[in-house]
Structure formats: structure tokens, C-alpha cells
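> Protein chains in written order, with the numbering used here: chain V, 26 to 494; chain X, 12 to 277.
All clues given are correct.
Pulled from the structure, derived: some chain V residues nowhere near chain X, Cβ distances all over 12 Å:
# : residue
1 : Met144
2 : Met267
3 : Asp424
Here are a few chain X residues that sit away from chain V, every Cβ distance over 10 Å (derived from the structure):
# : residue
4 : Gly49
5 : Val80
6 : Phe184
With the C-beta cut set under 7 Å, the calculated list includes, among others, these residues of chain V facing chain X:
#  : residue
7  : Leu188
8  : Lys191
9  : Ala195
10 : Phe198
11 : Asp199
12 : Ala201
13 : Arg204
14 : Leu206
15 : Gly207
16 : Arg254
17 : Leu258
It is worth saying that the hints were derived from the structure and are not from the lab. Note that the Cβ used here is the ideal one computed from N, Cα and C, for glycine as well.
One letter stands for each residue in the lines below.
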Amino acid sequence: MGEQWMRFFRFEDTAVRYALVGALLMGLSTGVLGSFLVVRRLAMVGDTLSHAVLPGLVAGFLWVGGKEPWALFTGALLAGLLGVWLVSQIKARSVLKEDAALGLVLSGFYAMGVCLLTMVQHMEIGQKSGLDKILFGQAAALGLNDLYFMGGVTAVVLMLVGLFYKEFLALSFDGAFARALGWPIGIFQGLFMGVLAATVVVSLQASGVVLVSAMLIIPASAAYLLTQRFVKLIVLASGLSMIAGVLGALLSFLKPGIPTGPCMVACASLEFGLIWLLAPGQGIIPQWVRRMRVQERIALENTLKAIYHVLEKGGFQLETVTLEALAERRRASLEAVLIEGQGLVARGFAHFGSLDKAASIENRTLHLTPEGWARACEIVRNHRLWELYLTHAANYAPDHVHEDAEKIEHMLGETIVRQLETRLNYPQRDPHGKLIPSLADMENPYFSRPPWGNKPRGTEGYGASTIDS
Amino acid sequence: MLEELNEASAPPLEVHDLTVTYHKRPALYGIDLVVPRGQLVGVVGPNGAGKSTFIKAIMGVVKPASGWVKLFGKTGKAGLPFVGYVPQRESVDWDFPVSVYDVVLMGRYGRIGIGRRPGKADHEAVMEALERVKMTPFMHRQIGGLSGGQQQRVFLARALAQDTPLYLMDEPFAGVDAATEAAIIELLQSLKEQGKTILVVHHDLATAKQYFDRLILLNLRLVAYGETAKVFTPALLQKTYGGRLTILSEVAQVVGQVEEGMDKHD
Numbered sequence: 026m027g028e029q030w031m032r033f034f035r036f037e038d039t040a041v042r043y044a045l046v047g048a049l050l051m052g053l054s055t056g057v058l059g060s061f062l063v064v065r066r067l068a069m070v071g072d073t074l075s076h077a078v079l080p081g082l083v084a085g086f087l088w089v090g091g092k093e094p095w096a097l098f099t100g101a102l103l104a105g106l107l108g109v110w111l112v113s114q115i116k117a118r119s120v121l122k123e124d125a126a127l128g129l130v131l132s133g134f135y136a137m138g139v140c141l142l143t144m145v146q147h148m149e150i151g152q153k154s155g156l157d158k159i160l161f162g163q164a165a166a167l168g169l170n171d172l173y174f175m176g177g178v179t180a181v182v183l184m185l186v187g188l189f190y191k192e193f194l195a196l197s198f199d200g201a202f203a204r205a206l207g208w209p210i211g212i213f214q215g216l217f218m219g220v221l222a223a224t225v226v227v228s229l230q231a232s233g234v235v236l237v238s239a240m241l242i243i244p245a246s247a248a249y250l251l252t253q254r255f256v257k258l259i260v261l262a263s264g265l266s267m268i269a270g271v272l273g274a275l276l277s278f279l280k281p282g283i284p285t286g287p288c289m290v291a292c293a294s295l296e297f298g299l300i301w302l303l304a305p306g307q308g309i310i311p312q313w314v315r316r317m318r319v320q321e322r323i324a325l326e327n328t329l330k331a332i333y334h335v336l337e338k339g340g341f342q343l344e345t346v347t348l349e350a351l352a353e354r355r356r357a358s359l360e361a362v363l364i365e366g367q368g369l370v371a372r373g374f375a376h377f378g379s380l381d382k383a384a385s386i387e388n389r390t391l392h393l394t395p396e397g398w399a400r401a402c403e404i405v406r407n408h409r410l411w412e413l414y415l416t417h418a419a420n421y422a423p424d425h426v427h428e429d430a431e432k433i434e435h436m437l438g439e440t441i442v443r444q445l446e447t448r449l450n451y452p453q454r455d456p457h458g459k460l461i462p463s464l465a466d467m468e469n470p471y472f473s474r475p476p477w478g479n480k481p482r483g484t485e486g487y488g489a490s491t492i493d494s
Numbered sequence: 012m013l014e015e016l017n018e019a020s021a022p023p024l025e026v027h028d029l030t031v032t033y034h035k036r037p038a039l040y041g042i043d044l045v046v047p048r049g050q051l052v053g054v055v056g057p058n059g060a061g062k063s064t065f066i067k068a069i070m071g072v073v074k075p076a077s078g079w080v081k082l083f084g085k086t087g088k089a090g091l092p093f094v095g096y097v098p099q100r101e102s103v104d105w106d107f108p109v110s111v112y113d114v115v116l117m118g119r120y121g122r123i124g125i126g127r128r129p130g131k132a133d134h135e136a137v138m139e140a141l142e143r144v145k146m147t148p149f150m151h152r153q154i155g156g157l158s159g160g161q162q163q164r165v166f167l168a169r170a171l172a173q174d175t176p177l178y179l180m181d182e183p184f185a186g187v188d189a190a191t192e193a194a195i196i197e198l199l200q201s202l203k204e205q206g207k208t209i210l211v212v213h214h215d216l217a218t219a220k221q222y223f224d225r226l227i228l229l230n231l232r233l234v235a236y237g238e239t240a241k242v243f244t245p246a247l248l249q250k251t252y253g254g255r256l257t258i259l260s261e262v263a264q265v266v267g268q269v270e271e272g273m274d275k276h277d
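Make a model of the complete structure from these sequences and hints.
So, in C-alpha cells, the structure goes:
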């Protein structure tokens, strides 16, 4: 095993060098073309094309009676294009839709190809030809001739996309618009299918008939999760495809007998899996982390709100709440409320009473800091404003609005709150008659100044009059 | 190319005996009409009347079974460079990895020519078009994150960047809010004042009357075509929308409004 590693990385072996160059060339062209396939939702077309080449490939072999690259290339190319043409004909001239037409051609051509291939393998000319490797690929068996073909096709692909990037982009994004420009759309479509078929055919020796389409689809799909710009997508897809190609070639070299195609595709799938999980923004894990953060914030805000409610119920006479009162309000256990309280303390929204060291849990007290008080007021304010808005503007019954406000209170931003306030003409009370904390209340905690003291808000409030006096 | 057009007196659009079939079913029958320069024309008719097919047939995207279309006196592809096409918003994939700027730049592709790259003038035209539809702040956004009205404005900016003397627009008001609709119609009016000719597929009868100079009433055949004041009559509308029960009530309502309006004028 170690010896094989050394052989691979010393690049002295021609087989190793050929395999590497082949993997890189293949990665480049499949990445570029795959990007177009994926954004055009033509992934299945690539799959069908790659399976459809098989009968043509074997026919080419039979035609010249040997493994001549140009004969295999021509036969495979013709069969692939015939397959794609058949799909379009079946679609146009029957009730069948694209999916059925693709499935039909893919399996039909592949079945014929496998029959022919098996036949050839039992013939004299076929036995030592290594043609059986065509199904799953054998990068180590790449010859110089194969590389010339791959290099040529890759160069044509890059040239075509470089020269007509603009045309292919418009065609991919908005076909009707491109046609309305009077462009020869048919020619561009034909060119694209032609180089696609050629790419598939020259990649067969390295990755095999069965899985070559995976190298078109998987790296480009992974790249699509990472960027929203087409040029970047093409570059990323090519890079990912080349890395997967080289890793696959290495793996199959280390363990002779494992075909190259599956190794490359397994590596590409691994890349996709990692990106799907970790991609910033769209990745599963970053999404999950974001969700968790929101839930954490909501829990925190609910605790602050509960503290406000307890204080309000006590007429704002006390500066602190006991954990027991809080637990009662939250309908939670003392232990759970203690953890929530510790969360508030950790974020600087509250601190525990100083005489609490010796007290039992239920008698420990929480004291809001100015930040905690402001945040608590904000949530209660959001809640009550929203309730009021629903009853006034949306004609909800007052007993229907609470549930909705429970969710919305955490989502309202500063601007919307201001709009609500203006729209409702700076209300003082919510639909249940409770006072809505004002901006002044948020800035002036009741425990440093009398709440609402600077505004005449009547004596009917829960806390105002008692604190004022 | 456009200069030579200015001297020509051929009408922007001339359609003669145009018939289109879809899957062997007729979609449009023998349409005949001529649209003169500097007009804002509404294409109106019930669902399935062939409004989009009509536009696509003019662009050559759908092949007619018979008849011909002349754009500024030219047949076939020769007239296409003078036409800007705004397809229905749903016709493209908005997840496509392109920015607002990229899409508007596509409007210049026809002028740039095959195999060439956009130059300074093209980028300036894109910026100007973006400004006119007030989408400059969003130019580097991927198009999928935009609202329906913003997406429609991107399509309009692309058409503006094309800067063609004739525009064909397929339901530019579909799914946009009232403010955007007002902004779009204002834009179309200003284009018209620049001497451009604009055909707009529209499905809201209530606003058709105030928006357009001329109306094409379509229902598989050409029911009527002419100045809005002359064509927007209860009888012709009923003829356009008649025979489709679900739409009858809507028509009755609009017809009612029309008659009310007439009474006032009397």
C-alpha cells in the first residue's frame, strides 16, 4: 500500500501521469458543461446521453475490429446524438413527456449496448481488448492517444464556452428571448449537444459509461449551493470535478481492481455531501444553527416578558421577582427557571439578588438590569401593539389576538413598530386594557425613576398611580 | 441599422391572415391588422384566447401555419433586431444564478452581436435602464430574491436596454402591486412619447380602457381592432368574452361600468 502511495506521488509512472492528466482534463470539461446542464434542468439529459453512447461505442469497435480511439469516438458520438434526437422526437410526436422519453431511450440504448458488449467479449478480438473496462472506467489504462482526444475535446469545450458565453447564458436563462433576438438557436443547441456528447465519450475510459453523467451533475450541483453567479459556478464546478477526478484516480490506483469511475463519483458525492451540510447560507448545519439561535432568543425574550408580567402584577412595587413567582408565571419548574435566569445573567439582562447565596431556589430573586428592562418593555410593547393592530385594523376579536401576538412579538423590527404606533395613533392601552410600555418607560427603568411619571396617564393603570405616590 | 429605419415609412407591425395551430388545434385564425407608429396598444381577450401565441407568432418563436408578419416592412428574421420582447415573468427560472445587472445586460446582446463582448456603451445603457426602473440599488442581487414587481421591472429594464422602436410585452402587469403597475404604465407612456410603439398583453378589462390608445380584442380570431374609444363597447366585449360562462359575470360588470360612463357623457 505504502509503495503504491509513493508510486502515485512520484509521478514517475507513465500510467499515473496519464491517469492524472486524464482526470484533470475530464474534470475541467465535465465541470463546465455540467454547470449548464444543472442550471438548465437538463441533468437527466446528460444521464441519458452517457448511457446512449454504449451501443455506438461497441459498434465502432466491431467496425474496425480493434480499440481504435477514433472509431470508438465516432460510433459513440453518433449513438449519443441519435439518442438525444430520439428523445426530442418521442416528446414531439406522442403524448409522452420528457421524463418517460428520457427513461425509455436511456434504458433501451444501454440494454442494447450491454448485449453487444457481452457478445464482443466472447469473440476472439474482444477478449484481450479491455473493452469490458468501459462500463466502470479504468484511468490507469489511459493511453497517450486517449489523452490527445481528451485534450482536444476539452480545448474545444473551453473555446466554445469562452467565445459564446454570452449566447449560451442567454439561451440557458431565457430561450424565448434568445430566439426573439433572431439568433440561430438551433445551431447553438446542436453545438452544445455535440461537445457534451464528445465530452462524455472521451471521459468513458476514465470514468465508465454508467457513471460519467455523475461527473457532469454532482460537482455542478455542489457548486450551485455555493454561489449565485454563473461564472463562479462554472469555475467551482470544474475545480470540484477535477479534485474528485484526481482523488478517484488515486483511490483506484491504491487498490488495483477497483474501477476508477465509482471512486471518482464517490469522491464527488462526498464533496457534495459536505457542501450540502456545511455551505454557508444554504447548508443544512448553518440553517440549523440559525434556527437554534432564533429559538434561544425567543426563549430569552419570553423569560424577560414573564418577569415584566410578574412585576406588573405586583403593581411595580418590587424591584425583583422571586424564582417561584417566575416559575408560576412561566408554568415551568424551578430548576428550568433557574437555568433561564442564569441565561439572562450571562447576557447582562439581569442579576441575582445579593443576599441569595444562602436562600433556597424558590426564594432566590432576579433583578433586571437597564438593558434587561428595556428589552422586556420592548417585547411587551410589541405584543400589545400587535394585539391592538389586529383588533383595530384586521377586525380580530380581542380574545383571538393573543396567540398570534405571541409569535409576532419576536419578529417585529423597530421600523414596523413605529409604523404600528403611528397608525394606531400612539395608543396607551392594549385590547385587554393593559398599559402599553412607552419608549420613555424603556429608557427609564421604574426602579431608578417613577415609571410614566412624566406623563399624565390617569390613575386607573396597574402600576402607575401607586408608584407615583 | 436603426438609422435606415427612421427614413422608412413602413408601419412597425403588419399582420396578414396569420393562422397558428398548436398540436393541430387552431390557436389563432386569420388575423389581419396594422399598427401605426407611436401607439400604446392593448391585446385583450379571455384566457386561452391566443394572446401570448399572437405575440410569439410575431416574434417567430411560434411558427405560423399560414399568413405573414412584417416588422417595419421586413419579413422573417430581418425585422427582429427592431423588436424588444418582454416574456411572461413565469417563463424563466428565477433561481438561475444571474444578477439583476446580468439580465439587463442581455438586452444589449442583440446589438453587441454574436461572439463579441459588451463595451462601454453597453454598460452605460444598462446603468441608464436600471435607473429608469429604479432598480440600481438591487443591481448586484441574484434575481430570485426580488419581489414580483421588482422582477417585472428587471424585465422592463432589459427591454429598455434593447432600445428598440417596437416592444411586445406579455402580461407585464401580472402579479405586480398597484404602485409598480402605475410606475410601469408611466414608463410605457414616456416610451410612447419618444415615438416607440408598444403592444401589451393585458387581462384586466377595468384598466384596459384607460391605459391604451388602441385595443386588439382577441378570441382565437380578431374580434375587433381600433381606437379604444370605438372598440371598447359592450357589444364587442361581449363578443370577445361571450360563450365562456365563468367570464360572463365579469363581463357584465365591466359592461355595466361602461354604460354608466356613457350615461354620464350623454
